[in-house]
Amino acid sequence: MGANAPAWSFREDWVQPDLRSANAVAVLEELAAPLLADLDADARTAALQALRDREKLGSTAMGDGVAIPHAKISGIDDLRVGFGRHLRGAEFGTPDGAPVQLFFVILSPEQKPGLHLQALAQVARMTRTPEARERILHAPANKLTSVLNDLLKQAAGD
Numbered sequence: 039m040g041a042n043a044p045a046w047s048f049r050e051d052w053v054q055p056d057l058r059s060a061n062a063v064a065v066l067e068e069l070a071a072p073l074l075a076d077l078d079a080d081a082r083t084a085a086l087q088a089l090r091d092r093e094k095l096g097s098t099a100m101g102d103g104v105a106i107p108h109a110k111i112s113g114i115d116d117l118r119v120g121f122g123r124h125l126r127g128a129e130f131g132t133p134d135g136a137p138v139q140l141f142f143v144i145l146s147p148e149q150k151p152g153l154h155l156q157a158l159a160q161v162a163r164m165t166r167t168p169e170a171r172e173r174i175l176h177a178p179a180n181k182l183t184s185v186l187n188d189l190l191k192q193a194a195g196d
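Using this note's numbering, the first residue of the sequence shown is number 39, and each one after it goes up by one.
Everything labelled a hint here was simulated from the structure, so no lab data went into it.
Bear in mind that the values here come from a model prediction, so they are computed numbers and not experimental data.
Please note that the accuracy of each hint is not assured.
No more than 20 Å apart at the CA atoms, straight line, and that leaves these computed lysine to aspartate or glutamate pairs for DMTMM-like [claimed, not checked]:
#1 K94 <-> E129
#2 K110 <-> D134
#3 K94 <-> E148
#4 K94 <-> E68
#5 K181 <-> D78
#6 K110 <-> E129
#7 K94 <-> E67
#8 K110 <-> E148
#9 K110 <-> E67
#10 K150 <-> D116
#11 K110 <-> D80
#12 K110 <-> D76
#13 K94 <-> D78
#14 K150 <-> E172
#15 K94 <-> D134
#16 K181 <-> E93
#17 K191 <-> E148
#18 K181 <-> E50
#19 K110 <-> E68
#20 K191 <-> E169
#21 K191 <-> E50
#22 K110 <-> E93
All chains, please: the whole structure from these sequences, using the hints.
Here it is, written out as structure tokens:
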């Protein structure tokens with residue numbers, strides 16, 4: 039890895055090409071489920087509550103069809119970044135009023151706030167151009183993780 043290589047990458051099992059949930063709370067649950075599968079029930083509940091609490095502070099929707107729900111949680115040692123694509127789009131309190139189609143979820147250990155901020159910045163950079171968002175939106179399901187990781191590497195080099 040080069041000096042600007044990202045410290046993390048998208049995992050195939052944490053990338054969901056076709057989210058189905060219709061509302062924000064259900065989307066958060068569907069999106070976070072694979073990232074939390076190895077935790078006990080109490081830790082999963084606490085992590086989901088942390089995501090919901092963060093949304094109550096203000097929507098993590100960025101506009102342009104992108105949202106980055108995120109939370110710092112206990113019970114994990116490493117950064118967990120997942121992705122979900124909602125082809126129809128879901129209401130998520132966006133500043134532009136448009137439905138969100140591209141959801142990135144970031145869960146980081148409470149004791150590593152720098153890693154949390156770094157991941158937020160990298161995801162924001164990788165989705166800032168219309169071309170990048172279109173690549174993600176239209177990538178075949180079997181190529182989606184590869185497209186996300188390519189865009190992440192490009193963003194890390196910026």
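Exercise. Of the hints given before, which are not true for this structure?
Worked result: 2, 5, 6, 13, 14, 16, 17
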